[in-house]
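Here is how the chains run, residue by residue.
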Amino acid sequence: MTTKPDYLAIGIFVAFFVLVVVVGFLASRWKRTSEVTNLHEWGLGGRSFGVWITWFLVGGDFYTAYTIIAVPALVYAVGAYGFFALPYTIIVYPFVFAVMPVLWRAAKQQGHVTAADVVYGHYGSRPLELAVALTAVVATMPYIALQLVGMIAVLSALGLHGEIPLIIAFAVLAVYSFSSGIRGPALIAVLKDVMIYVAVIAAVAVIPSKLGGYGAVFDAADQAFKAKGSGGILLKPAQFVPYATLALGSALAAFMYPHTLTGVFASKSANTVRRNAMLLPAYTLLLGLLALLGYMGHAAHLNVTDNNDVVPELFKALFPSWFAGFTFAAIGIGALVPAAVMSIGAANVFTRNFWRAYVNPAISPEGEASVAKLASLAVQIGALLVILYLPIQFALYLQLLGGMWILQTLPSVVFGLYSQRLRAPELLSGLVAGLASGTWFIWSDGLKPIHHVALGSFSVSLYTGLLALAINLVVLGVVHLARSLGASRAHVSDSVPVRK
Amino acid sequence: MMNTNRSRPRFIQLLLLVPFLGLLDAGLYNLAEPKLLGFPFFYWYQLLWVPITVFVIWIVYRSMPHDD
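Chains as they are written, first to last, in my numbering: chain A, 1 to 500; chain B, 1 to 68.
Derived by calculation from the structure, the hints in this document are not laboratory data. Any given hint could turn out to be false.
Examples of chain B residues toward chain A, derived with CB under 8 Å [unchecked claim]:
hint	residue
1	Asp25
2	Phe42
3	Trp49
Beta carbons are placed, not taken as given, at the ideal position from N, Cα and C, and that holds for glycine.
Go ahead and model the full structure; you've got the sequences and the hints to work with.
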């Protein structure tokens, strides 16, 4: 790839970044309901976001810059298998529609800010709260770091190398999320999403006509995979179950992360969440078309050393430089929105479930906001240091593990909304069993997300996160039964009908 | 917590499982033909599930009380 700076593209990129800084600062004054800076204001925007702002915010932090770079890169590398992101981001919405309004209501009624708050409110168990909170923060950190991978890809396509541009971009992120809280990314998400829609619609409308139509794009990709001897534009039978379980497991995990939950909790009603479950699939359509940029890379005969360069190189090769600059600005800003929401989500967890739980239980709402602001800064600096000083592969592996880890919190966060029968020790046993077994499988499989299970003549390969969730549920069920049996036996031996 | 005991909305909510049935058996749609606008079946079939899923959720949405 060329390393010569493209000044027109850089100029447009910088202009949009300056716009983001201005919008980010103005956001702190936007839709304020009270002058007080407390955690509900800073971390959840006062739970005031309506349907459209929630749509932009959740769309902006669920479909991240990393997604825009990585999904086409994976499709470019392996073909149809990389497309699991599409069924994943479809089936997530029936789940969101059914579960998230119930979770929103539980959080609203008791003033909860995080999933771990909900868990503590329901079970009254500090150990379970801590396990859920710790899992959430650890799973989110590498996700923030990966947003920088998207940023690096567009910066280097602009010819901007080295650490300085990345540090400047991060300073923008840190300052606006510090001063504006969730309102900053919410307002910037509107700008970012409109830009991304323009870029992707232009790409899917214009690029195929330059490359001879979609038929030719699929044919070119098919031939490239055949020449390479791996991958393909259809799945191999052995990939059916991994494909489906990756989609299902990712869908169940997606809204357990602090950043997606922050978007849900910041909305103003359960109905806002329901209507978003119907509107957010518009982004999925975009993602499906975006994924095809990977095949367009084959049709355009791109020669990239790093798969993550496919999208930037495609735009550089097929569009005038001003439009490439616009697209890169969209992706760059697209990295800032989720990175801000993720660090705010992680900071909310730190403040509520570590600081308030263990350091200062008597903390005031204003004090919570101060702690959270500093925590978000610390999280962002941590992510920047990870990217600057550790191999990117390290963040990728951690993010892979993070998806499996966060999925294990689902029973603790969700089951209590529907049943009063479970107790904290059972959920904690299941959670720990799921985390331990999943980590062990992924580690022993050479840091791959697919595990092979053989039971007698039955054998199957499936997403490790889902396998670990199954183990989690079995342990949860067994401990629950043991406790129930123990309780009823104790009841019999007392032979006094104390309870009805 | 589903804020209603009426059986009709609860039954309709089972519709939310339909997208899972349509998408989680990849062997069902791992086909090149028939093509649509140059897209192999595998791709346009899955993209088609985006509007179908929105429609299914909308059916469930309108069957339930919007209490807020």
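Hint numbers the structure violates, sorted upward? Checked against the structure, no hint fails, so every one of them is satisfied.
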